[in-house]
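Asks: We have chain A already, so just place chain B on it with the hints.
There are 2 protein chains.
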Amino acid sequence: MAFPKKVIIREVGPREGMQIEEAPVSTENKIRIVDMISECNFPVIEVTSFVSPKWVPKMADAEKVAAGFKRYPETEYQCVYLNAKGIERAQATGKFDLEGVLQITASETFSVKNTNLTIDETFTKMDERICTLNEFNIPVHTIAVMTAFGCTYEGDTNPELVIQLIERSIAKANSFGENPKHILLGDTVGWANPISTEMLVGKVQDRWPEKDIILHLHDTRGMGMANAYVGLKMGVTHYDSSVGGLGGCPFSGAKGAAGNIATEDLVHMCHELGISTGIDLEKLLKVTEKIEGILGRELPSKVSKGRSLNSYRRIASN
Amino acid sequence: MAFPKKVIIREVGPREGMQIEEAPVSTENKIRIVDMISECNFPVIEVTSFVSPKWVPKMADAEKVAAGFKRYPETEYQCVYLNAKGIERAQATGKFDLEGVLQITASETFSVKNTNLTIDETFTKMDERICTLNEFNIPVHTIAVMTAFGCTYEGDTNPELVIQLIERSIAKANSFGENPKHILLGDTVGWANPISTEMLVGKVQDRWPEKDIILHLHDTRGMGMANAYVGLKMGVTHYDSSVGGLGGCPFSGAKGAAGNIATEDLVHMCHELGISTGIDLEKLLKVTEKIEGILGRELPSKVSKGRSLNSYRRIASN
Chain A
1 MAFPKKVIIR EVGPREGMQI EEAPVSTENK IRIVDMISEC NFPVIEVTSF VSPKWVPKMA
61 DAEKVAAGFK RYPETEYQCV YLNAKGIERA QATGKFDLEG VLQITASETF SVKNTNLTID
121 ETFTKMDERI CTLNEFNIPV HTIAVMTAFG CTYEGDTNPE LVIQLIERSI AKANSFGENP
181 KHILLGDTVG WANPISTEML VGKVQDRWPE KDIILHLHDT RGMGMANAYV GLKMGVTHYD
241 SSVGGLGGCP FSGAKGAAGN IATEDLVHMC HELGISTGID LEKLLKVTEK IEGILGRELP
301 SKVSKGRSLN SYRRIASN
Chain B
1 MAFPKKVIIR EVGPREGMQI EEAPVSTENK IRIVDMISEC NFPVIEVTSF VSPKWVPKMA
61 DAEKVAAGFK RYPETEYQCV YLNAKGIERA QATGKFDLEG VLQITASETF SVKNTNLTID
121 ETFTKMDERI CTLNEFNIPV HTIAVMTAFG CTYEGDTNPE LVIQLIERSI AKANSFGENP
181 KHILLGDTVG WANPISTEML VGKVQDRWPE KDIILHLHDT RGMGMANAYV GLKMGVTHYD
241 SSVGGLGGCP FSGAKGAAGN IATEDLVHMC HELGISTGID LEKLLKVTEK IEGILGRELP
301 SKVSKGRSLN SYRRIASN
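Residue numbers (our numbering), protein chains in the order written: chain A, 1 to 318; chain B, 1 to 318.
Please keep in mind that the hints were generated in silico from the structure rather than gathered at the bench.
Just so you know, these numbers come straight off a predicted model, no measurement behind them.
Keep in mind that a hint or two might mislead.
Computed from the model, here is a short list of chain A residues facing chain B with C-beta under 10 Å [unchecked claim]: (1) 3; (2) 163; (3) 178; (4) 221; (5) 223; (6) 228; (7) 229; (8) 262; (9) 264; (10) 265; (11) 282.
From the three backbone atoms N, C-alpha and C, an ideal C-beta is built for every residue, glycine too.
Just chain A, same shape as in the assembly (with noise of 0.2 Å):
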């Protein structure tokens, strides 16, 4: 139970923000936003999704985007991405750091709403996913669990099923000569709470304490930053969040229910705290400012609002 001195955090506002903003936004604005991000050197941004237009229209921009932006040499940039055809229209742009993400549900309702797919489904068709990352030369860098901490449809999820989802992942994934060093623990709906976060972030840590836990975070129920919380103290080490607070509450249709944790939140609590993250807060909340003006909309994230009173100023020195 100690602080990290320094944690990664991955901004996913570009795609997962993106990908649920009600207004449509021009790709021309998607590249400045993704720019402007790059600026305040983040470690990684996950830029967009090459995934069917058909399902997800408001991706379907992906080459241009990928097209658009530029790369900075101290990010790396990140993609999603479903099958070999997604990994062709990625590489294709010759802009992305590919990494092998294997996907599991830990609630059997949410995973076929989300997939189709039941979670022994997800197994079964895991073989396939590892086959096509082989045949592409991308090894397989992240077990992730999605609803990891519960779901609107299930309610809590029992902390020792993810650990069982993550041992038979890990399991799959060794069978093919891969290790993945990265679990990410996704609360996809804002399910967790303090107590919910330190328990299972404890069983992981003592399962595999080889191993580097990701917390993908949603504040729909006012908690992302206390759960961020306990996992710095609990020394995690990787955050996704999304700058402004972007996006919303996924598969809920819950019209204004919150989306990932803020980023410049995030960040300026690290900070508070001694753990440094690389990232340049202030020009981060110019960031927000811009990306409100394209939105139309405030966004939800706190220090944004309160940089009036350059009360983040004081940090950055750390």
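Replies: Then chain B, alone, in the frame of chain A:
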């Protein structure tokens, strides 16, 4: 370090929120808001301020609000007053449970700007305050430290200074035969972080284990809920919050800056952590919706936005 079984949440929205709200709210609506909140079974509601309408014009209708709202037998109704005149006005309404508060501000600059008194001058005037309370037979109930964690003018408050200010205030009270039972730690402009919260709460608990701490938290920099979690984890039993997160950042001039932590988010988190509040969350979420209608703006609380998810429902049995 253990969660309390039950906490007392004081709803401060009708006073602290209405004082800051930009759009004028009619007296009728103010009364309606207090009554709706009462129906949710709050232990304590801060209704209004009996202060000079010259300084706080939004509270000029304090008598009318007092005359109009309905007292519920299980609820304690509080109000703010600064002098004998205020007490007389509040007492004349016959609607309030008057409690004696000795207020001190830890930041010299903030103290002068907000009260026109230095810290030393505040102590000089404290004799008069206690005499006035005595005259009206109001016991000294609470020592309240504003900007206990810091402010935008002076940055972090030294927790040792806060301990000294509380010491001096209690000594003053004792010299008049008074023994305040509560210590309010006011994070007036949302400066606290989880580390400073833990440090100051710990010091106050160590020094006065027999007294109850009231945590008055703002969410200006997005850490309000994380700070509340730290307080809960340390066994703090009293919290101030505002329905929907009404209000803003006082005296800061930061337009749009977040106000008090949102009551429903706090209530929900408590229930998630197995801590009882006695408050009817489902009713409260409907109150937020109605207040949003009255104000014509969205309030920042998160649980209220996700309410179509019914994600709060499962805790109804707690």
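Asks: Hint by hint, note whether the structure agrees.
Replies: Each hint tested on the structure:
no., hint, result
1, 3, "9 Å, holds"
2, 163, "22 Å, violated"
3, 178, "36 Å, violated"
4, 221, "5 Å, holds"
5, 223, "6 Å, holds"
6, 228, "7 Å, holds"
7, 229, "4 Å, holds"
8, 262, "7 Å, holds"
9, 264, "8 Å, holds"
10, 265, "3 Å, holds"
11, 282, "14 Å, violated"
The structure shown violates the earlier hints numbered 2, 3 and 11.
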